[in-house]
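Novice: For reference, the chains in residue letters:
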Amino acid sequence: MRAAPVTTSPTPRRIGIAAVAVVSTIALTACQAPAPEASGEPVSGGTLAYASGDAEPTCLDPHVGGNYPQALLAGQFLESLVSRDDSGEIIPWLAESWTAADDGLSWEFTLRDDVAFTDGTPLDAEAVKANVEHLKDPATQSSTGYLALGKVDRVEVVDEQVARFVMSSPDSALLESLTQPWVAIESPAGLARGMDENCQAPIGTGPFIVDEWVKQDHVSLVRNDDYTSPPADAAHDGPAYLEAIDWRFVPDSASRYAALQAGQVDVIDNPQPDTISAAKSNDSLAWLDAPRPGAANRIELNSGQAPFDDERVREAFIRAVEVDEGIDALFFGTAERSFSPLSSVEALAYSDEALFEPDLDRANALLDEAGWTERDADGYRVKDGARLTLRFPVSTNQSIPAEQSLFEQVQATAKAAGFDVVIELLDLSSWYGALAEHEYEIVSAPYTKVGPDVLRILYHSDSITPAPSGYFANLAQLDDPEVDSLLTDAASTSDADTRADLYERAQQLILEGYYLLPLYDQQNSFLLSTSVQGARAMPTVSTPTFYDAWLAD
Amino acid sequence: MSDLELQQATAVSAASHAPARRRGRMPRIGTVLAAAFVVFLLAATVAPELVATQDPNEIAPGDAFQSPSLAHWFGTDESGRDVYSRVVAGTATSLLIGVTATAIGLALGLGLGVLASFGGRIADFSVNRLVEVLFAFPGLLLALLVIVVYGPGPVTATVAVGLSTAPGYARIIRGQLVAIRSSQYVEAARVLGRSPARIISRHVLPNALLPIFVLATLGIGQAIVWAAALSYLGLGAQPPAAEWGAMLAAGRTYLATAWWMTVFPGLMIVGTTIATTVLGRALTRRGRGER
Amino acid sequence: MNTEEAPVLDVSRLRVAFDGIEVVHGVDLTISPGECVAIVGESGSGKSVTARALLGLAGAHSQATAERLHIDGLDLRAAGEREWRAVRGRRAGLILQDALGSLDPLRTVGREIDDPLRIHLRLSAAERSARVLELLADVGMPDPAFAVGRRSGELSGGLRQRALIAAAIALDPPLLIADEPTTALDVTVQARILALLDEIRGRGTGVLLISHDLAVVSRMADRILVMREGRIIEQGPTRTVLESPQEDYTKALIAAVPAQSPRGARLSMTPEQPAIIATTAVPTPPAAASAAEAAPLLELAHLTKTFAVPGGRFTAVDDVSLSLRRGETLGLVGESGSGKTTVARLALALTAPDRGTVRFDGGQWSELAERDRRPKRHRIGAIYQDPLASFDPRWKVGRLIADAANGAATNGAARPDAARPVVAELLEQVGLAASVADRRPLTLSGGQRQRVAIARALAASPELLICDEPVSALDVTIQAQILDLLDELQRQRGLALLFISHDLGVVAHMADRVAVMQAGRVVESGAADEVFARPEHPYTARLVADSPRLPR
Amino acid sequence: MTPGSPTDERRSIRGATLRRAGLLVAGAVFVLWAVATLTFFAIRLIPGDPAQAILGGPGSQASQEALDQVRRDYGLDQPLIAQYFAMLGRLLTGDLGVSYALKLPVADLLGAQLGGTLLLAALALMLAWILALGLAIWSTGRGRVASALGEGVEITAAALPHFWLAAVLIAVFSVGLGWLPPVATGTLAGFVLPVVTLAVPLAGFLAQVMRESLLDAMQQPFVVSARARGESALGVRARHTIRHASLPAISLSGWALGWLLSGAVVVETIFAMPGLGRTLLQAVTLRDIPVVTGVVLLVALVYVLMTVLTDLAARIADPRLRQEAGR
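Chains A, B, C and D supply the protein sequences, listed in that same order. Per the working numbering, residue 13 is the first one in the first sequence, and the count goes up by one each step. Per the working numbering, residue -14 is the first one in the second sequence, and the count goes up by one each step. Per the working numbering, residue -17 is the first one in the third sequence, and the count goes up by one each step. Per the working numbering, residue 53 is the first one in the fourth sequence, and the count goes up by one each step.
Extracted from the complex, chain A is given alone in its bound form:
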């Protein structure tokens, strides 16, 4: 049973012109030959079968809630105002141009005038206004989109094709935020139907239309024959080549891979690492590797309470643990070890491998120094009668089996230094519960967000304050005024170099304080039958798009 990583959301602050240079390392690899880029002439027609291992969304409208499974689907039928290209440049999509006021307190987006929603409603400034209002309405229960537009006060209709975003404070990450599927633009007529109906089949401008959603089974998407609005980096114009997409929910990973092998489906997501490795040696399968942006997958050390309130103990843990070999074995060489808090997708990611060199002697020395001098019968360290126990709640929904196995190895290697790591496999609710109660010393939680601003969400002391549900993002409970000010400044400077420098210093501080153990990028892979040509992952949040795709014989 695997469910979607719940993607939480950014609250970007002011920044000048966003010139975020992000290099996307999306690679499409097949068997021996590298990247079989669109070989041959595209052919029209056919139905693509997609098997998703992510949880079935409870609502197809990504405004509601806002998680990755919704984004995966919504990418096929909804479109955003702007997009990013492979180099990280913001490019036009539904908005053909935009300008920001000097004070950063208002943005004007000029919309394309040849676009209509699939229900016939024209795309205009009123529509954008309605969408932003929808997102900001508490009744929508938007979480991700709501936070992405946190600094947007309201939208004013300048004229039919020009919408003005009025900001409550400057937000340099606005454009990055607007690329995300969770703030995609839907037909106002569709939104007006009410949540129940809109959830079943949101109406957008995308290359496909939601035809039918059979719960627990599949979503049928059919081609939008009147499609006119591909993003600027698309490979062709006009309607999609594919006639339809049959989007199935296949929670069992082995079944999913079997279905791909048997030719029953053409694309699967969330493949197991061993099947990726097997697919690499299979001529009829191709691997689309699309690590998600935002934070790298990492183990956070809870510095808010003993024993990790002592930096020596934190370093001891990080020095004691060995993960390289495990990552290599468990991910069959498909995952690169990370030494940065940020995804390798992010250009501003800063790495420091030396900090994470395993050194058991040093770990032991540090622990002795920190007063954990005794060991009990089981070989665990003891101080004042208390065992050096590290509670490690693991969400079965958020950590794939390979990662869970890696944590077991962490557990085993940490034991050598005398750490008693207690892994608790929990379902999502219990996992959040454990975090809210601070019943953890180490934890791993993914976080997807475009741009380095994710650091502010994860490591600014403001993020220790919980929401009413008890949720908080700063799981390392890192409370360092210097880090706070670096992150705040980085989010508000308009100078790219200054910004890069600030983020680098912040990352240095975070890494050197031994608050986290980076593991690898947030894995996001797809296996495709080689008959699928022209499919790619969006350089925004790495969801696949099948607009340019066709089925070769």
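Worth double-checking, as some hints may not be accurate.
Claimed, not checked - Taking lysine-lysine and the BS3-like style, the derived pairs with C-alpha atoms no more than 30 angstroms apart in a straight line are:
{"#": "1", "chain 1": "A", "residue 1": "Lys427", "chain 2": "A", "residue 2": "Lys395"}
{"#": "2", "chain 1": "A", "residue 1": "Lys141", "chain 2": "D", "residue 2": "Lys155"}
{"#": "3", "chain 1": "C", "residue 1": "Lys358", "chain 2": "C", "residue 2": "Lys378"}
{"#": "4", "chain 1": "D", "residue 1": "Lys155", "chain 2": "A", "residue 2": "Lys148"}
Unchecked claim - On the chain B side, residues computed to face chain C include the following (Cβ under 8 angstroms):
{"#": "5", "residue": "Gln169"}
{"#": "6", "residue": "Tyr170"}
{"#": "7", "residue": "Leu177"}
{"#": "8", "residue": "Pro191"}
{"#": "9", "residue": "Asn192"}
Stated by the list, open to error - If you want the ones that stay clear, here's a sample from chain B, every Cβ over 10 angstroms from chain C, calculated:
{"#": "10", "residue": "Arg13"}
{"#": "11", "residue": "Ala56"}
{"#": "12", "residue": "Thr78"}
Calculated from the structure, these hints are not laboratory results. C-beta atoms are modelled at their ideal positions from N, C-alpha and C, and glycine is treated no differently.
Given chain A, work out where chains B, C and D should sit, using these hints.
Specialist: For chains B, C and D alone, coordinates are given in the frame of chain A:
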């Protein structure tokens, strides 16, 4: 002398005078094998370190996913641990889950059964209704409900499986007790002027014990299977405890590359279930006076 | 069928073995048309196996061989399954004991009778159903049109047996094999079934009658073959065999028929029970005479008991009054369902009467609270038809008896070791060796089990013994021994016996006084000799008339 | 048994049958009420705030206002007993409430899922019956080897965990041979593997029971009677013993259905089939209480109906039961 064979129809064994020879005289090969397997399981439970070849929790990421060999009889898992040693180490946990779940189910079933058969009409009626209600929550659904309330984990899974088997046991045990209670030997004891307490303690319960024990042997295997199902659904045992269901669930992820991680724990579950069933049946036959 | 001379069945040297162990050792048998030949023997004598082997139905793992095997002139020694099927039902019919089990309880009687017609003839469905009705009428089924749609469980024993016979004679086979056809039936029904078989024989069918009961076969058999341990040990015309038996075994069989012997006379001839012989040195006259005027030990007054059944209440016992004195035997006789057993349970206070009272030894009994009755219960003992069911399956004989002996005095824990001599003595009294104490009842024979049951009953030193069909499941020679034993013990201990049986002969032999029950009521009672010699009630008269007895 | 005229008897049997039907219905209503009540109060033991679950689960960042609003909307601010009676009242009208996660009426949601699961269970039950009967018939009366083999197959089949069997079947028939799709897509071929996965272990159980009763039936004297009338071995099976062997298995069908519904949770997940099992599993993960309650009630209803049907079927198959209608 020209005795000619009269070919008897052998398709239907009907003659009531024919000695019942369906079952052989000797303990059957199957029973012997089952007993041997159970002995192995018990050895693995009591002294796993003697039966295992390696430390079940010793990781060696470099040795991950090795197929079965002389060094690793059942291969190695994703962390390079010896699957055979883990299977051995998991015996105690898995059997504990099976035995505990069955014990919980039986204890509840016995309580309800005794109440129904000796508590008078009202108790009998109430227990029967309760059992019907519990039956309306089929096995895994009841288990899932328990897990919703108390959260997932091995203890919950064990209790849940035990609870879901209770109504079945209650019904069987009640039937058993009622049959014994209305038997002629209990009547004979009444005629001799024996008190109800003495009749229950001397006749009813002792005679119900063997069938209940047999029931338990049959139940343990199923309990392990259902607990494994919960582990597969991610609602069961915790790592790195080498519990078979959890191992199997973990192994299934790597089915495409490392079949041995799935096959061997699976064989242990199937083997244990078969062995306990075969022994349970042998006991039943013995109870009926057959061999 | 015009084969007067040719026998319908001609067998010589028939041998049957199971897994190489021979159980029938060369039986010779010939039956002419219209002749009735009876094979008589006790359980295990091989008579049923012989009967089935004649139809190739001895069962799995059996091997049957014969030097000659002809049915209706057809040589069947080398017959395959197909040939056998052509014979079965068409040339030879089979009627088994226990029609309840011999008719498929899930199918209607009509379909069961229809089977042979469907299998062997090419008739239309309408023709067949007409024939089924005809057959049912032939066998004396009261309402054939109704019966045809019934299943065996919905018919009474007699009607069921008639249906079974109808199925067997559907194709008018020249040979009819009847294996214990009347054993479980009430005497009046038995008489009618025998009459029916006799009628079928009269039509020219050769009948092979298998029975354990000499009296039953003596009615209609032309010849009798006595079978023992797989061999025919004596044979001849019925009168010859009965009047001048040659073999000791045959003599024992004849002597064991209780109706032949007066009250108090010994039935068993086999000198295998030294204990009995030792204790019967001093025959005493029936105790009843001396105690005739004494106060009754057990008194049933106007007992009525009803049970709930679908659609109302069924009156099992209807205003029954009986009394029993010390040392006396009261026989309670009646057919199945007449309420005998309910009377026994009322007397044992295992069930409470709706109306009426039971008094014991002048005091209250049925009206006592169970708690007050419990200490007195040991004064009334019981033995049952199936002794094995009345023994705790886990207990050995010694413990069973010791428990009863101990409990009588203390109601406390049994101390098997201390009780050993007592157990041995009781076992000796019932003619069993002391070593039997260490055996499980399951390993004992039927007669031995009933002896153990009696020993257990005696262990509690009862004054009254209630015997519910104590010998019905036993072979005649064993039955004779048990009856002798009961008689003996009664005389030694001055026991009162309430002796319940469906078998008039047994009751006549055992009882001083007798009460005849029909449909819950006592229709006639009085001194046993009187009642049976000069029955007043028509029902009693019919019972007496229908009871099988050996020709005098 | 009372003596009486045939018509009396028939009337009394009919009366008894009616009475029995009444009792069955009353029993069914009681069971449903009890299940609803037990579930309602059990669900209240769940840690966590339903309002939080409604607003996207514990990871959400819902505001206090939103939470209060939801509590009012869903009546969660009412006293427990008032909520309980409100729920009972809604149940009487067939209203199972609204899913926290999907915001759809639970009745509609489950109505759409019920068919698939029932079809799966029914097909599996049928296949299990066929397999069990086939195995029982094949392995009896054929000597010790066949008997031991039959017993071995039964025990092994009954010991197979669904998810393991499914993995093996997929590996062999989908990946290896490519005959059948590993993911059920609503086509007939897609149903094969899930149905087989569910049916095989159940067939193991049923075959054990059937073989026992078949052996019993074959020991009955009516078999000899039938053969003595010239019936063939096959005829004896077809007309007599199979029916007897089926009786206990029929009465097990209620239990079997419950067992299949349990198995459906696993099988639907592996083969990606829509159905109650998967809905329940998802609802459990999401703490979607109305859906959990709804599934439990629906399954109880199905179970109760199945019990009634089983009872009727047993009565049709075994006339003896009709006779003793009283108890």
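Novice: Given the hinted pair lysine 141/A and lysine 155/D, is their alpha-carbon gap at most 30 angstroms?
Specialist: Within the cut-off at roughly 25 angstroms; holds.
Novice: Is the Cβ of threonine 78/B farther than 10 angstroms from every Cβ of chain C?
Specialist: Consistent with the label, threonine 78/B stays out of reach of chain C, its closest Cβ about 36 angstroms off (over 10 angstroms).
Novice: Please confirm whether alanine 56/B is truly not at the interface, meaning its C-beta sits more than 10 angstroms away from all C-beta atoms of chain C.
Specialist: holds, 51 angstroms
Novice: When you check the alpha-carbon spacing of lysine 427/A and lysine 395/A, does it fall within 30 angstroms?
Specialist: Holds: lysine 427/A and lysine 395/A sit about 16 angstroms apart, inside 30 angstroms.
Novice: Take the shortest C-beta to C-beta distance between leucine 177/B and chain C; is it under 8 angstroms?
Specialist: holds, 5 angstroms
Novice: Hold the hint about asparagine 192/B up to the distance rule: shortest CB distance to chain C must be less than 8 angstroms.
Specialist: Constraint on asparagine 192/B satisfied, holds at 6 angstroms.
Novice: Lysine 155/D and lysine 148/A: Cα distance at most 30 angstroms?
Specialist: holds, 19 angstroms
Novice: Over 10 angstroms to the closest beta carbon of chain C is the bar; see if arginine 13/B clears it.
Specialist: Non-interface label stands for arginine 13/B: nearest chain C Cβ at 17 angstroms, farther than 10 angstroms.
Novice: Please verify that hint: glutamine 169/B, Cβ, nearest Cβ of chain C, below 8 angstroms or not.
Specialist: Since the shortest Cβ distance to chain C is 4 angstroms, the answer is holds.
Novice: Measure nothing beyond the straight line between the CA atoms of lysine 358/C and lysine 378/C; if it is 30 angstroms or shorter, mark the hint as holding.
Specialist: With Cα atoms ~26 angstroms apart, lysine 358/C and lysine 378/C stay inside 30 angstroms; holds.
Novice: Double-check proline 191/B for me: the hint is only fine if its C-beta lies closer than 8 angstroms to a C-beta in chain C.
Specialist: At 6 angstroms from the nearest chain C Cβ, proline 191/B passes the 8 angstroms test, so the hint holds.
Novice: Min Cβ distance, tyrosine 170/B to chain C: is it shorter than 8 angstroms?
Specialist: holds, 5 angstroms
In this structure, every one of the numbered hints holds.
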